[in-house]
Each structure stands twice: as structure tokens, then as C-alpha cells.
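Full structure from sequences and hints, please.
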Amino acid sequence: MKPLFTFAGVVCVLTASVAIGKESLSTEELQFFEKKIRPVLVRECYGCHSSSAGNVRGGLRLDTKERMLLGGATGPAVVPGDLEESWLYNAMTHQDYVMPPKRKLPQAVLDDFKSWIEMGAPDPRVSLQEDVQAAITADDIKKARTEFWAYQQPKRTAVPTVKNDKWCQNDIDYHILSGLEAVDLSPAEDAEPMAVVRRLYFDLIGLPPTPEEVVAFENSWSQSKAVAVRNLTNNLLARDQFGERWGRHWLDVVRYAESTGRSVNMTFPHAWRYRDYVIDSFNTDKPFDHFIQEQLAGDLLPVETDEEWSEHLIATTFLAIGSKNVNEQNRIQFRADLIDEQIDTTTRVFLGTSVACARCHDHKFDAIPQSDYYALAGVFGNTETFFGNAQSSYGTFSGAQTKQNSNLLRLPVHDPNPFDKSLSKEELDDLRGELQDKVSSLSSLRRTAGQGGAATAQQQRIRTLNELEQLSGRLGNVDENGNPRSFTMGVQERGTPKDIPILVRGEIDQPAQIISRGFPQVLCEEPAIISADKSGRLKFAQWVGSDQNALVARVMVNRIWKSLVGTGIVRSMENFGVTGQAPSHPDLLDHLAVKFIDSGWSVKTVIREIVNSRSYRIGTTFSATSHAADPDNALLWRANQRRLDAEVLRDSMLAMSGELDLRRPRGSEVAKAGYTRVRGGMVGDPRQMGREMFAAMRSKQEPGVGQSGGRPQFRQQKNREEEMENGRAGVAGYRGRRARGFNPEMAQTVMRKMTHQLDMEDATFRSVYLPIVRGEEPRALAVFDFADSSAIIGQRESSHTADQALYMLNNPFVIQQSRNMAKRIGRANTDVKDRVTMAFNLAYSRNPSSDELLETETFLSNFLSSSESDGGLAAVCQSLFASAEFRFVD
Amino acid sequence: MRCFYSVGILVVLLIGAGQLSAEEGADRDKKPEDASRARQIRQNDERKPGQQRPGQFPGGFSPAQMVERMIAEFDTDGDEKLNADELEQLFVKMRERRGAGMQRRPGQKGRPSPGGGNSTPGGESPQRPPAAD
Chain D
0 MKPLFTFAGV
10 VCVLTASVAI
20 GKESLSTEEL
30 QFFEKKIRPV
40 LVRECYGCHS
50 SSAGNVRGGL
60 RLDTKERMLL
70 GGATGPAVVP
80 GDLEESWLYN
90 AMTHQDYVMP
100 PKRKLPQAVL
110 DDFKSWIEMG
120 APDPRVSLQE
130 DVQAAITADD
140 IKKARTEFWA
150 YQQPKRTAVP
160 TVKNDKWCQN
170 DIDYHILSGL
180 EAVDLSPAED
190 AEPMAVVRRL
200 YFDLIGLPPT
210 PEEVVAFENS
220 WSQSKAVAVR
230 NLTNNLLARD
240 QFGERWGRHW
250 LDVVRYAEST
260 GRSVNMTFPH
270 AWRYRDYVID
280 SFNTDKPFDH
290 FIQEQLAGDL
300 LPVETDEEWS
310 EHLIATTFLA
320 IGSKNVNEQN
330 RIQFRADLID
340 EQIDTTTRVF
350 LGTSVACARC
360 HDHKFDAIPQ
370 SDYYALAGVF
380 GNTETFFGNA
390 QSSYGTFSGA
400 QTKQNSNLLR
410 LPVHDPNPFD
420 KSLSKEELDD
430 LRGELQDKVS
440 SLSSLRRTAG
450 QGGAATAQQQ
460 RIRTLNELEQ
470 LSGRLGNVDE
480 NGNPRSFTMG
490 VQERGTPKDI
500 PILVRGEIDQ
510 PAQIISRGFP
520 QVLCEEPAII
530 SADKSGRLKF
540 AQWVGSDQNA
550 LVARVMVNRI
560 WKSLVGTGIV
570 RSMENFGVTG
580 QAPSHPDLLD
590 HLAVKFIDSG
600 WSVKTVIREI
610 VNSRSYRIGT
620 TFSATSHAAD
630 PDNALLWRAN
640 QRRLDAEVLR
650 DSMLAMSGEL
660 DLRRPRGSEV
670 AKAGYTRVRG
680 GMVGDPRQMG
690 REMFAAMRSK
700 QEPGVGQSGG
710 RPQFRQQKNR
720 EEEMENGRAG
730 VAGYRGRRAR
740 GFNPEMAQTV
750 MRKMTHQLDM
760 EDATFRSVYL
770 PIVRGEEPRA
780 LAVFDFADSS
790 AIIGQRESSH
800 TADQALYMLN
810 NPFVIQQSRN
820 MAKRIGRANT
830 DVKDRVTMAF
840 NLAYSRNPSS
850 DELLETETFL
860 SNFLSSSESD
870 GGLAAVCQSL
880 FASAEFRFVD
Chain Y
0 MRCFYSVGIL
10 VVLLIGAGQL
20 SAEEGADRDK
30 KPEDASRARQ
40 IRQNDERKPG
50 QQRPGQFPGG
60 FSPAQMVERM
70 IAEFDTDGDE
80 KLNADELEQL
90 FVKMRERRGA
100 GMQRRPGQKG
110 RPSPGGGNST
120 PGGESPQRPP
130 AAD
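In order, the protein sequences belong to chains D and Y. One point on numbering: in numbering that gives the first Met the number 0, the residue at position 639 of the first sequence is 638, and numbering is uninterrupted. One point on numbering: in numbering that gives the first Met the number 0, the residue at position 19 of the second sequence is 18, and numbering is uninterrupted.
Incorrect hints may have been included.
To be verified - Cβ pair distances, simulated, as ranges:
#1 Arg127/Y with Asn163/D: 57 to 67 angstroms
#2 Ala71/Y with Asp478/D: 28 to 38 angstroms
#3 Arg127/Y with Pro664/D: 25 to 35 angstroms
#4 Ala71/Y with Ser439/D: 10 to 20 angstroms
#5 Ala531/D with Met93/Y: 27 to 37 angstroms
#6 Arg127/Y with Lys420/D: 21 to 31 angstroms
#7 Arg127/Y with Met753/D: 39 to 49 angstroms
Said to hold, decoys possible - If you want the ones that stay clear, here's a sample from chain Y, every Cβ over 10 angstroms from chain D, calculated:
#8 Glu72
#9 Thr75
#10 Glu79
#11 Asn82
Because the hints were derived from the structure by calculation, they are not lab data. C-beta: ideal position from N, C-alpha, C; glycine also.
Below, the structure written as C-alpha cells:
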């Protein structure tokens, strides 16, 4: 009986399918399609545009009705009744495209397609692609939404009751103490004022306190600890250095960098605008919900002024600075990867949820079906991303390895890149002439490529293409009068929003059913309703940047807590899902989240709340009992001793040496280099850089240095003779170069400067302004666990390695700052004891102990000074830099 | 031995051709690559000496024809060469017409650029969002 039912069911399904496919077709329409249209499609198109074609060209498939109407990268292949909008007809008639690529179809066939589209493109075909069935059901999603802690709205809870309520300074302390008392633990004693003041300075502005500031705090502390902390906190939060410190935390999270990364590493000369936007936003305590909305949909937010509009456009750089494989040959693949990167970053940064796992399959642990990913991908589907270089009216010339190039957005205000220079009319003409010559030589290279020397021709072609790309970019950077234009990275919406299909296993050529645009269901109380004419990105930004979702406030206060305490309440910073770690203090997390929302999403309010708690100022004193009960210090029975971040270490050395320049540099080294490929730690043309550096160094040389007497011709002749006699071409060549002005020391210096260009060892501004090029981070930062700029880093590693010690002992920057610090101390004091005391106060914010003082004085007296009189003191300063006490904050 | 292999290959090819014909009749939607490839090979083989491979130049123009068209359309000063201004006009026209890999025509036509950005000279002008209420 069962087989009968099964058979009947199959028949019904088949009948229904056929009926659905043909229900609106008349016999004439059906015959027209079968006789005139289908044979042509099969014969001429399916070879490249069907499921059996392998890598479907342009993402366009013509073997099903649905896929044909959906179209490929350029839009719908057929729009029933609209010839103008139908790309298929456009290509067949050789308007904007040429299809079939080999020839033009007979006019009769074209007329048939014209008639067919005009009659409404009747098509009886039924999709053969099976729908992707989700293993995660609606019930699973509902269950997760109602049961899993992270998907519940933060609760406004009363503070817990504690035995020792006198210890508590504010609500945070009740939560911390409650947790400790539950396992019969007690918090450590308050830290020493010297430790607290260092903690506050490093945590809030990333710089060490001066000895005078330490003394002032200690005096205030002796009057009232709470008042001393509160006043200093307010003081530090008002400084510009606060934004630089906390902006850098955010830049870690959003994978900020000034280049594409990957194998072909192209610069982002305008990324620095986003860096400055982030710093300014933290300094002005921009409401965090607005901050989110500007980054996700700043291009769509209402504005009043051009300045506001510019700021919003710059904010959308968030979506554009991800790493990119610009050498990707397949444009559709590149675009799919770009959207994937945007979705991954957005959901993990703001929501602590990894939605991108569902690109290829249902999420393995969280209730996020694959359809949710493509619902969100549709939201980003018509977002164009601008990350490359402005182009001239000559168009885009893709470099040989930059197939996926892009334009830039023009800023509504005049604020050009500080390194872009005006071009005179003559320079403009020269550039245009040069470009024209290159175009001519390129076309001649194409013609001669087959006539021997193909490899050489190919090399020349690659070089010419790269030069054309640069030339066109230089022309595009200026207006018709040669004045530099103002650009930013960012996004814009282009084209009609549309729903997109699920891609089977994430493969771009295997689309399945269409998914309506929407947001992850498990995070939404109600399904998002997106109107057909809107992409939904603005709505998504407003939903993410609001208390409508349960995660964003929790995720952000957890980040703030981690930056001040050392670990998060949820230790898996970007994973609040099932596989993430549960919060150590769930009520405290909710308390802070509610406080954050109530304060108008003020980051500074949450910081103030945390640092003014008693829990923040406890010491790092070890307790064997507490350690046995809570070895990870999850309950916070003592403060976490932390190694200073890479930037803080570098900035502190500069601050202690008196060399730190607190002014913000405009632009960055990458902006100076412009749009170019990064190779071997260098941005720009190495040959050009070398020439300029040699010229600069030669101009500084004394006359006669590197020059020997005699006429050059004679010297060369003499060298050749020596070569003949000695048979040592290398020596002779070297002498020859030396005679021509070659100076090995100079060459070594130039080489070091070039290969360490991005280290910027001579720079004295704050580390947040150093160039961050993917894979080429400055040595001063990389060696101390700087954030991987290609990844979302909520918490950096904190390692203690031999190369850190070697860096402190040998790096020219460290040595130079040691000397500068010694000079500073030497200028301020003449007495050895005073000098040592000052050095310790600068480095450790305390006086040296009697033993330390004695040992240091002995060291100085025994030090075999070099030519510098303060060589011994410099060695002491360098030793202080290299010490653990300098690198750690209690 | 060589003869044996040749006969074998011939037999396989014949069987394959027979199968292809059978498949053509059986399933109209499952055969295009082999047929079009074979047709292309035939066409290539049939071309006359000096004749360009069909379709090598989109639209059917040889380089010489294309140059003639360009000169005719853009050589405004009549020197039978394209100077910088004329070349620029040529590029602008190409971009408007074909997209050249980046530009769209008004009405969202034209091939979109990779990664989304297009190639409006001097950077893309952003669309101003509405003023706040």
C-alpha cells in the first residue's frame, strides 16, 4: 500500500511542477519557446551558462527560468516585456556585450528573441536545482532564542546582598564580592597608590605618569582614595590621548590596516581618515549606537551639513578596509568574498556572533541556518565598496596582478590627502603625454608579442600596465586644473536591491532557492521586514546599533571590561554563541549593559563606572588559598598583572626620553606613498626611493667625501687594469664604484632605511599613527604581540619571548631613546644619585631601593664609557626599558 | 602497433559521436559544449589563409578595421593620429559604451566594476542621503 501512495505522491508532485511551470502559457507561447528560443539557448548559451558548464561565466545561468530572470553579475538576463533592461538581448545584438562571443546570431533569431521578450518571455522550464534544506528548524531557532542566555535581553537586576558591604564602592563591587563570598574568598587589599596611578594612566591614555603627576596623585590619595581616583579619571578621560588609546582598541577589533594584504598587497592611502574618525569618536564620547550606525550605513544616514556627510562617509571605511585578494581572477568570486568579509566582521565585531560560518552550511553549533547568511548577504548585495585608487578620464588600467581594482569616493568637503600635490598645466600635459605613450607602447607590445621574445614582451607589458595604472591614478587624483581632490574609502548603494540565492556549499556557480533579505532570525524578536525598494542595510545598522538586539551592549561592555581588567567577563570576546565561554559574572554583564544603554551609549560612562569601583583598585597580591579555589582569577580576587601593549611600550619609551610628540600627524606614511604595491617592507618604487635617499645623503655630505682624485675615465681604466692583473673582478668593481662616489656605509644606511621604511624608527609621534600595512607591521609593535591586522582581535596575545629581549637590547630605536633619556636626565641633574632616582621615577614611578641605588651607582662607576659622557647612564636607561617592571603594570 | 592504436582511437571517436547523436535526441538540454567545440574546430579549420579566427575580435572587426573606425570617429584634427585629447575622448566613449570593466551607463547599465567601485573619473561622487527630519 505504501509504494502506491509513494508513487501517487510522486505523480502529484511532478504534475504540480509541470502545472506550475506551464500554467500561464498558451499553446502558441509554449510552441514559440520550444521551437524558437530553447534550441538557440541550448546551442549557443548553455556551453558557458548552465549548470553543466562548470565555472559559470559571469555567474549567469540560462538553463532555468528562475536563474535567467535572476541573472548574473550585471543583473537580470531577461526582464519580461522590457528589451532595454534585458541583458540577454543587449548582448545578442552586440550593444554593450558581445554574445555569443564568436559571432553575431542571424537577424531572424534576434527577431525571435525580441518577440519573445516583448510577449513576456513565456518559459515553461522548471528548475532542476534542488532547494537547500536547512537542518536547523524554526523550532530550533525559537528554542535557542528563548533559552540561550546571550539571546535574552539584558536584565535590570538588583545588586546582590553581600556580607562585607562596607568594602563596596559601587554596584560593580557588590557583584564581584558576591561571587567571591559564594566560595568563601575575599578580595585582595587595595593596591599602592603608585600602582593605581600607573594603572589609570596606562589604561586610559596609554602613557606613563610623570613623577610630578605621581606625587600629586599620592597626595590626593592620602586624603581620599575615591576622590583621588575620580578626579584623575575625569582628567584623563578629557585628554586627547584617551581617544588614541581607546581608538586603538577599536582598530584592533575592526582589523584596521592600510593595505589589502594577501599575495598582492596594495596600499589604502586613505584609510588614515577612518583611524582619525575612530579616535575623534572616542574623544567626543560619540554615542556608541550612532557610532555603529555610521560605520554600517553612514552613506544612508540623514545629514544636515557636508561636514557631517563627510564624517559618515569616512565611517563606512569600516566596510572597506578588510583584507582582499585583488589578484582574484573571478570577479563574482571576489565580490562574494568581499560580502562575506563584511558580514563576518560586522556580526563578530558588534554582535559577538559568527554568522559567516553559515556561508557554506548551517552553523554547526548556533541556530543560524544557511538561509540566514544569504538573507544578510542580500542586504549587502547592492553595496559597492570603494577601496582602490581614483581613476583619470582615461579609465582604469588594471595592473597585471590587480585584477580587482576599485575607485574611491569623493568627499563632499575639500580635504585632500596632505601628500597630494598640485600639478601645473605643464605637469598635467606631461602626464597625459606619458600616458598616451604608454598606451601606444602597450598596443605595440600586444602586436609583437608573438614574434620572438615573448617572455620579454610579457614582462614589458606587465610593467607598462602597472605604470599605466599609476599614471591614470595620478591624473585622477587632481581636477582639471591640477588641484588635488579629496577622497575617502567607503561604500555606496548602487542598483536595485534584490534577494539573492543560497549558494550550495558557498559555490558561486551553484545557486539554489532565492532567500528574502533579512537578519539572523535567532537574534530577532520579530522577523525583519525589508521593503522591496530598500536594501535593508540602513535598517540593519539601526537594528544592530540599538537595544532591539540583546548582544551589542553586552559585547561592547565586555570589551571595555577586558581593556581595564585584563580579561573579559565573557572570555571569548567575539563568540557569545554556544561554543563561547559563559560569563563569569552574568548579572554584572547585564548590569553594565543596562547602564551603557541608560547612559545614552556612553563609553566614557562605563569606563568611569569600572575604574571608580573598589574592584578596579585592588592589588595583585598572590593568595595561595584564593589561587587554589580560583586559579584563573575568574572571580577577580586580585588584579591581573598585565604586560603593556606594544604601543604603550613604544610611547612610554618616547615619553620617558622626552621625545614624544603628542601632536597628531596628518595622514600616514602610506598616504605619503600613495596607491602602490607593498614589497619587501617598502611602499613605493624602490629604485626611486633609493635614488632620492642617496641624493639626500650625498647633499648632506661634506665636499670631497666619497670622492677621490683623478678623472673618472682614468680611474675606471686603472680599475680595469687591476682587474686584469688580480683576476678579482669584485674588488675592482667595488673600487670602481667607490671611486665613482659609492660609499658602503651610505649604501648600508640607505638599505636599512628602505627596508625599515614602515618601521619608522625615527618617528616620535604616538604609535597609533604608525603605518599599519598588512604583513609589514612596524617592528616595534610586531615583536610585542601587535594585533594581526587581517583578523578581528578582541584580545591580543601576551607573550614573553627571547626576541622581545633582543629587541630591547639591540634595536636602534630603543638605543636611541635610551640615549635621549640619559641626556634628559643628565641635563636635569648633576649628582649621580639624583640621576638614578630620576631614571627610576620615570621608568617605574617610584624611587629606587637602597640596594638598587647602590648597585646602579657601582655599575655607573665601573662602566667603560664610550665616546659619550653619558654612555653609562644610557646603558642604565636601556636596562630599565628591558626590565620586567617597565613592561608590566600591576 | 601504431596502426592498432589509430584504429582504436577512431573507433572510440565514432562511438562517442554516435552517443552524442543519441543524447541530442534524448535530452535537448544536455549537449552543447561538445557540439559547439566541434563546430568551432571545424570553423577554424575551414578558414582561409590570412583570415582571422572567427570571433577573435568581438563584433567581427579586425584591428585594422577598428583603427579605421577610431580614426574616423575621434581624429578631430585630421592628422590620422590620436593625440592626448582625442585618446581621452576615445576612452570616455568606450567607457560610456562598454563599461570597460567598470563604468555603468545611466540607468544602472554597463558592466559593474569588480568589488563594486566603478571608474568615474576623479572618484565616484557619493549620493547625498536625505536631510534629518
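Violated hints, by number in ascending order, as checked against the structure:
Checked against the structure, the only hint that fails is number 11, while the rest are satisfied.
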